[in-house]
Amino acid sequence: NAGVTQTPKFRILKIGQSMTLQCTQDMNHNYMYWYRQDPGMGLKLIYYSVGAGITDKGEVPNGYNVSRSTTEDFPLRLELAAPSQTSVYFCASSAAWAGEYNEQFFGPGTRLTVL
Amino acid sequence: TQLLEQSPQFLSIQEGENLTVYCNSSSVFSSLQWYRQEPGEGPVLLVTVVTGGEVKKLKRLTFQFGDARKDSSLHITAAQPGDTGLYLCAGARGSQGNLIFGKGTKLSVKP
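From first to last, the protein sequence lines stand for chains A and B. Following my numbering, the numbering of the first sequence begins with 1 at its first residue and continues without gaps. Following my numbering, the numbering of the second sequence begins with 1 at its first residue and continues without gaps.
Looking at chain A on its own, in the form it has when it is part of the complex (with noise of 0.2 Å):
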């Protein structure tokens, strides 16, 4: 049981480069989040998905892109890569919408720079 795996570990871009920020988890959950966590910043929720077919944006969506075609696997999409993208990118599943009787399970990060 790997829990919620991300790849690539770092990734360096360059201005105006796309990439895709890959999350799997094999837990089952049907909620799924990405968030961008900068120094001193806490974390923020950039989209989350509450099942396969369905995504909706969080407080900072501009210049990524989500799909959830399966319930495992919730890939995120960089377009025209900017240096304001630099930033470590969690994923993370639970059950139901996390809170009383739910915890968010995360993966260990994606450290991005884009130059």
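Some hints here could point you the wrong way.
[Said to hold, decoys possible] If you want the footprint, here are the derived chain A segments under chain B, 3+ residues with CB under 8 Å:
1) 86 to 98
2) 106 to 115
[Said to hold, decoys possible] With beta-carbon atoms standing in for the labels, derived distance ranges:
3) A:GLU59 / B:GLN9: 36 to 42 Å
4) B:PRO39 / A:ALA95: 24 to 30 Å
5) A:LYS44 / B:PRO39: 15 to 21 Å
Don't read these hints as lab results, they were simulated from the structure. For every residue, glycine included, the Cβ atom is placed at its ideal position computed from N, Cα and C.
Assemble chain B onto chain A, guided by the hints.
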């Protein structure tokens, strides 16, 4: 506007000392979670508090939810270097909806 304010932002202490970190808001939360994040890893859940005034203990860590469910504290007794990390509080408003994370308290415990 940050909905959940954590303080202090940074804390550096010696092994064996006690400490308290705070998570405050002007909003009411139905539950509040504390996560710990070690360098290079994702956050891991420590505890969830649900009832106003609730106190939960996890070995040397004591978590309290305020009576009005607007704030929470984490107290660590006799801190150890293994307690080093970023402590994040996250609030849920209702049974549906996304968690709201604070910016975190970065704790360093020196041997």
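**Request:** Starting from the hint 36 to 42 Å, judge whether the C-beta atoms of GLU59 of chain A and GLN9 of chain B obey it.
**Result:** violated (20 Å)
**Asked** For the segment 106 to 115 of chain A, do three or more residues have a beta carbon lying closer than 8 Å to a beta carbon of chain B?
**Response** holds (count 4)
**Prompt:** If you check the beta carbons of LYS44 of chain A and PRO39 of chain B, does the distance land in 15 to 21 Å?
**Reply:** For LYS44 of chain A and PRO39 of chain B the Cβ distance comes to about 20 Å; the hint holds.
**Message:** Closer than 8 Å Cβ to Cβ for three or more residues is the test here. Does the segment 86 to 98 of chain A pass it with chain B?
**Reply:** Holds, because 4 residues of the segment 86 to 98 of chain A bring their Cβ atoms closer than 8 Å to Cβ atoms of chain B.
**Item:** Beta-carbon spacing of PRO39 of chain B to ALA95 of chain A - inside the hinted bounds 24 to 30 Å or not
**Value:** At roughly 28 Å between Cβ atoms, ALA95 of chain A and PRO39 of chain B fall inside 24 to 30 Å, so the hint holds.
Checked against the numbered hints above, the structure violates only hint 3.
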